Structures are given as C-alpha cells and as structure tokens.
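Given the structure of chain A, go ahead and fit chains B and C onto it with the hints provided.
The lines below spell out each chain.
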Amino acid sequence: MENLLSLFVNSVFVGNILLSYFLGMCSFVAVSNNYKTAMGIGFAVIFVNSVTAPVNWLVFNYLLAPGALSWAGLPNMDLSFLKFITFIASIAAMVQIVEMIIDRFSQPLYTSLGVFLPLIAVNCAILGTSLFMVERQYSLPETIVFGFGAGTGWFLAMITLAAIRIKLLYADPPEGLKGYGLTMIVAGLMSMGFMIFSGISL
Amino acid sequence: MKLLNNKYIKTMSEPVIGNNPINVQMLGICSALAVTVQLKTAIVMGLALTFVVTFSNFIVSVFRKFVPENIRIIFELCVIASLVILADEFLKAYLFGISKQLSVFVGLIITNCLVMGRAETFALGNTPGISMMDGLGNGIGYSLVLIFVAFIRELFGSGSLLGYKIVPQFLYNAGYTDMGFMLLAPAAFIIIGLLVWLQKTLFKS
Amino acid sequence: MSENIKSIFFTIVLCLLCSLLLTLAASRLKPLQEKNIETNKQTNILKAAGYVKDQELAPEKIEKIFKQKIIPANFPENPGLELYLTYSDSGNVSGYIVPLLSNGLWGKIYGYIAIKKDGKTISGVSIYQHQETPGLGAEIEKNQFLDNFKNKKIVDTNKNFTGVKVAKGKVKDSIPKNQRDHYVDGISGATLTGRFLSEGIVSTLEKYEPVSEKFRSDNIDFNLKNQNKDTQ
Chain A
1 MENLLSLFVN
11 SVFVGNILLS
21 YFLGMCSFVA
31 VSNNYKTAMG
41 IGFAVIFVNS
51 VTAPVNWLVF
61 NYLLAPGALS
71 WAGLPNMDLS
81 FLKFITFIAS
91 IAAMVQIVEM
101 IIDRFSQPLY
111 TSLGVFLPLI
121 AVNCAILGTS
131 LFMVERQYSL
141 PETIVFGFGA
151 GTGWFLAMIT
161 LAAIRIKLLY
171 ADPPEGLKGY
181 GLTMIVAGLM
191 SMGFMIFSGI
201 SL
Chain B
1001 MKLLNNKYIK
1011 TMSEPVIGNN
1021 PINVQMLGIC
1031 SALAVTVQLK
1041 TAIVMGLALT
1051 FVVTFSNFIV
1061 SVFRKFVPEN
1071 IRIIFELCVI
1081 ASLVILADEF
1091 LKAYLFGISK
1101 QLSVFVGLII
1111 TNCLVMGRAE
1121 TFALGNTPGI
1131 SMMDGLGNGI
1141 GYSLVLIFVA
1151 FIRELFGSGS
1161 LLGYKIVPQF
1171 LYNAGYTDMG
1181 FMLLAPAAFI
1191 IIGLLVWLQK
1201 TLFKS
Chain C
2001 MSENIKSIFF
2011 TIVLCLLCSL
2021 LLTLAASRLK
2031 PLQEKNIETN
2041 KQTNILKAAG
2051 YVKDQELAPE
2061 KIEKIFKQKI
2071 IPANFPENPG
2081 LELYLTYSDS
2091 GNVSGYIVPL
2101 LSNGLWGKIY
2111 GYIAIKKDGK
2121 TISGVSIYQH
2131 QETPGLGAEI
2141 EKNQFLDNFK
2151 NKKIVDTNKN
2161 FTGVKVAKGK
2171 VKDSIPKNQR
2181 DHYVDGISGA
2191 TLTGRFLSEG
2201 IVSTLEKYEP
2211 VSEKFRSDNI
2221 DFNLKNQNKD
2231 TQ
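Chains as they are written, first to last, in this note's numbering: chain A, 1 to 202; chain B, 1001 to 1205; chain C, 2001 to 2232.
Bound conformation, chain A alone (with noise of 0.2 angstroms):
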C-alpha cells in the first residue's frame, strides 16, 4: 500500500510526465492560452489515461506478452512486438467510448470536454504511460494508480503552465521569444521547480 502511495507521488511530482519526460506538449501549445481549456483538456486526459493504462494492462499480459496466450492453449506465442499498434488502437477505442458515454449521460459535460478528446487519443503523454507500465513491469494496481497518477500530473502540469502564460501576457518579452519560446522557457523553470520533490519520501 505505501509502495503505490509512493509511486502515486512520484509519478504526479518527480517524474510528471510532462515536465521530466516531455510528453504531452503537443497539445499543450495548442490549448494552453485559456485556462478553462487547460482545465479541460487535463480532466479529459485523467480520465483517459486513467481509463486506458489498465485496459492496455489486460491487453499486453493476457494477449500480448510473450506467454500471454497460453489461456488459449497456445503458450509460445510472442507478440509483443505489436504492443505500439494494439495500444493506439485500444486507446483510440476507449477515447470513442468514453466520448459516446459523456454525450449519452451530460450534454454540459460534453460541450466543454468532448471536442478534446479526439484530440487527447495522439496524445504522446496517454501512449507513454502504457508504454512506460510495459517498460517497467508493472502489476495491475500499480498500472492503475501510476495511469491516474500520470494522468494527475500531467494536469497539474498543464494547468500551472497556462496559468503562467496567462500572467505572461501582461511582460514585455523581446520579439522572438513571444510564444512558443518563452513557453518552454517558462516549461523548463517549472520542471527545475518539480524537482524539488525528489527529496520527499513517504
């Protein structure tokens, strides 16, 4: 139990996925200027991420993984070398689903997420978590509270970066750094700043 508190810590604070692992800017750029849109976004991609590490979970250890198959009698089988593709297309999937299931029960809810998650499915930071909990051999709870954990930081992340850009609005920045260059200036501030927490243990 300590050990999934921890890595819940660690993968919101030390390791975000966003600031120590820079996987997720690519929707950031285009969302960040309004908040209520970070907001968004990053509530969609907790839900999705914390949705697809799991189903990925089940997907590469009980049809994947070299041994997976022997359920189905057939226990030499490797196809981990299908993981990328199975994992898009599963993520794509649950991104389908998950926005079918938010029409059908809160059109408000939709409104303001639902033209996200299309977006979210080619997130790299949803693919890198299922890639990360192969890599690193997770087992199923430590596969759900890293995906949430994941999914958290990268939100936070998110937010506080939009919240700085926000502010930002009101310097004076030279020409070249207007943008695109003073947000990832601002991004490497605050990865320096997460860093911090590499000292906590729980």
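Source of the hints: derived by calculation from the structure; they are not laboratory data. Remember, it's a predicted structure, so these values are computed and weren't measured experimentally. Treat the hints with caution; some may be incorrect.
Said to hold, decoys possible - Listed next, with one range per pair, are the computed distances between beta-carbon atoms:
| # | chain 1 | residue 1 | chain 2 | residue 2 | range |
| --- | --- | --- | --- | --- | --- |
| 1 | A | 72 | C | 2209 | 35 to 45 angstroms |
| 2 | A | 172 | C | 2050 | 58 to 68 angstroms |
| 3 | C | 2220 | A | 76 | 50 to 60 angstroms |
| 4 | B | 1147 | A | 97 | 33 to 43 angstroms |
| 5 | A | 76 | C | 2035 | 51 to 61 angstroms |
| 6 | C | 2174 | A | 72 | 50 to 60 angstroms |
| 7 | B | 1171 | A | 62 | 48 to 58 angstroms |
| 8 | A | 34 | B | 1175 | 47 to 57 angstroms |
| 9 | A | 173 | C | 2024 | 44 to 54 angstroms |
| 10 | C | 2035 | A | 77 | 13 to 23 angstroms |
| 11 | B | 1069 | A | 196 | 45 to 55 angstroms |
| 12 | A | 118 | C | 2053 | 25 to 35 angstroms |
Unchecked claim - What the simulated footprint calls covered on chain B by chain A, stretch by stretch (three residues with Cβ under 8 angstroms from a Cβ of chain A suffice, anywhere in the stretch; the number is not a length):
| # | stretch |
| --- | --- |
| 13 | 1028-1039 |
| 14 | 1085-1095 |
| 15 | 1121-1128 |
| 16 | 1142-1154 |
| 17 | 1182-1189 |
Beta carbons: idealized from backbone N, C-alpha and C, even for Gly.
Chains B and C in isolation, oriented as in the chain A frame:
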C-alpha cells in the same frame, strides 16, 4: 526534367532551412527531448523518425485516392504505427545498446505531431514522389534540431561527444567540472526555448 | 451501404497486410534480437567480475571470454538459484556471481554482484537495467558509483551478516569508522534510489547467504552446469 528536379529538391530543402515548418517541427520535438542527453541516441532517433515520416508520406500518398474518407485517420495511424514497429524491431536487432537507451521514445514517434501532420496536410494532396521528398526534408530538419540540442547537452553535461571525451583533462585539473544541469530535463526545455528565439530572430518571416 | 462495405473491406485488407509485414519482420529479426539479449547478459556478468571494461567488444569475443571465465553452477541445497562461478587463469575458482534484483524508484533495478571466493568481499557490481531518473538515480549505472563497491565486506568482523548499503552523502562524513566497510558513497539528489538499491542489495545477498557461507568455510563443491570446462 530540370524543372522537376528543382521542384523536388526545393520541397525537400524548404523544411530544413526555411521558415514555415519550424513551428511544426518544434511541436513534434518535445516527445524526443528525453533522448537528447547523448548525441548518439539523438542521431539514431532522428534517423528513425526520418525513416518513418518519409515512408509514411509515401504510402499515404500512394493510397490517397483509394482510402475511404471515414477511415482516413485509422489508415494513417496504421501505416505510421507499422513503420514505427519496423524501425523498433530493426533497432533491437542491429543496434541493441542504443535501442535500450531509446526505450519507449521510438514508440512515441507514432504520436509525434510532425508525422501525422505531414501525412494529413501534405501527403493526402500530393503525388508520392514529392510527398516522399517532403517527408525526407521534414525528417532532416527535425533531426538537425535534435542533434543541436544533444550536441550542447552532451558537450557541456558530460564533456564528451558520441562517447569520446572532448574536454581536455587539463581543464578538469584547473577546476572545470561538467555542467550536471545539462543532463537533467529542464536544460532541454530551456535550450529549445533559446533556439526558437535564435531562429525567429535570424529568419524573420 | 456500399460506402460502409468498402470501408470494412479496406480495413480488413489493411489489417492483413500490416500483420503480415510486421510478423514477417519480427520473426526474421527475432534470432538476432535474442542473441543480442544473451550477449548483453554475458557482458553484464563479465563486467561485474571485472573481466570486461566499458568498451564494446564483438559478440564472439564476449562469448569466448564468457566460456573461459564463467561457468553457470547449481547450488545443491537450492537448485533454483541462479549462480555463476568465476575461474582465474590458473583454472581455480576465484569467486562467484549472483544476479541482483532490486526495486527502484520507478521500476526494478537489475544487475550482478561478484563476490570473491572468501565469501566476504565484493569484487564488483554491475547494473544493467533500471528506470531511474536520468542525471540523478541513473548515475547508479556509472563506473564512478559502481567502483566504490569493490572490496566492501558483506559480513562484519564477528562474522555477522551486514550486506552492503548506499549511504546518504559521503561515507566518510556520515558513517562511523567501524562500519565503513559496509557502505558506499551515495549520489546527491538520488537518496530514494540509494535507499531502494540498499534494500535490494541486502535482500539479494541474504538470499545467497547459504552459498556465501559455503565459500567462507572453504567448502566449494557445486554441480557445474556444463562439465566441459577442462577442454579449454
């Protein structure tokens, strides 16, 4: 013939030194920054991405008239993912040490904005030959940025390039130490930010 | 309707083509990949024993050195334990190597610990797989850190088991004199990694204590897994 040659070379060289695609490339850079700690891994990553984007552009362009509209994105993802898997398997077989260092980041080429972006905006509307050139050009431009960042990070962070010690011993003896900061994540962000600044100032479009 | 049928047909053809191509590539390349993994494992074992430094040797050379110097062995009391014996040039057993499995901050840490035939002194440690933070915890794979393990003792002067741990900060600043043989310098900024690694090393060495005790009492007689050592 001469005119055609010019058109191809132009399409290839524009993303490398021109203005417009820089912003597009900068978007796709992020997911690969983690491999810029060493020059060797950055070069391999750049080659892998160039391979994927060139051939995905080519294949998407060849089939652009046959793909039904409603599965367009699926088709693109499928092509890109398959090419990435090929690249990854190839690396695991022939460049095992480097592939271990690249870990998950080769797989993340699939979600790289640059690859999808070029397939969607260029390959769908152009002939295979020129799409391939466009892919090649974008790949090379991207690789150059990665190499630039990796060059700085490895030189100042480990005092070496491609694994060979560059900083002479007498400097270490005189008190110089490697900038450990360069090996950490924030350095890559800041270097990219400064690079964008440099580029925007030099290539005012 | 024919739109959908066309899409479905296209999708099926696409799936078939992709799977065919990928499976072909994967199966053709698999033997090479597995050879790479095997060579990698042999290199790591040799590194722990100190027979190979950092330079990249050709796979054939690695295999040759491995066959000459290392023999996988069976511990009669516990046949499941993975164990390797090292041989000096004169053909005598000079030590043993055990696989290190530790939890890390982000994932498991894998390596090898080489111990001298006195059953007390570490002759080397290698770490070949981990997920630690680059620039911080990841420094555990560097020689600068690993070299510190040489000649550390796993039992104290009263023959009690201590294992070897990673100190917080430098050993000479934080560890009393009589215990310095059981600690190595920590990596600044990687306290947690050091803590995990310490636990891992101690639990690995504890697991192999029966083997170490045999070496300490000079009672070396293991079943060698391939008896053709003397043909070299």
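Verification of the supplied hints:
1. 72(A) with 2209(C): 35 to 45 angstroms: holds (42 angstroms)
2. 172(A) with 2050(C): 58 to 68 angstroms: Given range 58 to 68 angstroms: holds, Cβ gap about 60 angstroms.
3. 2220(C) with 76(A): 50 to 60 angstroms: violated (38 angstroms)
4. 1147(B) with 97(A): 33 to 43 angstroms: Hint holds: Cβ distance 41 angstroms, inside 33 to 43 angstroms.
5. 76(A) with 2035(C): 51 to 61 angstroms: Because 19 angstroms falls outside the window, the suggested range is violated.
6. 2174(C) with 72(A): 50 to 60 angstroms: With Cβ atoms ~55 angstroms apart, the hint holds.
7. 1171(B) with 62(A): 48 to 58 angstroms: Holds, at about 56 angstroms.
8. 34(A) with 1175(B): 47 to 57 angstroms: holds (49 angstroms)
9. 173(A) with 2024(C): 44 to 54 angstroms: holds (53 angstroms)
10. 2035(C) with 77(A): 13 to 23 angstroms: For residue 77(A) against residue 2035(C), whose Cβ atoms are near 21 angstroms apart, the range 13 to 23 angstroms holds.
11. 1069(B) with 196(A): 45 to 55 angstroms: Distance hint for residue 1069(B), residue 196(A) holds at roughly 50 angstroms.
12. 118(A) with 2053(C): 25 to 35 angstroms: violated (52 angstroms)
13. 1028-1039: Three-residue rule met by the stretch 1028-1039 of chain B, so holds; n is 6.
14. 1085-1095: Three-residue rule met by the stretch 1085-1095 of chain B, so holds; n is 3.
15. 1121-1128: violated (count 0)
16. 1142-1154: violated (count 0)
17. 1182-1189: The restraint on the stretch 1182-1189 of chain B holds, since 6 of its residues have a Cβ under 8 angstroms from chain A and three suffice.
Of the numbered hints stated above, those contradicted by the structure are hints 3, 5, 12, 15 and 16, listed in ascending order.
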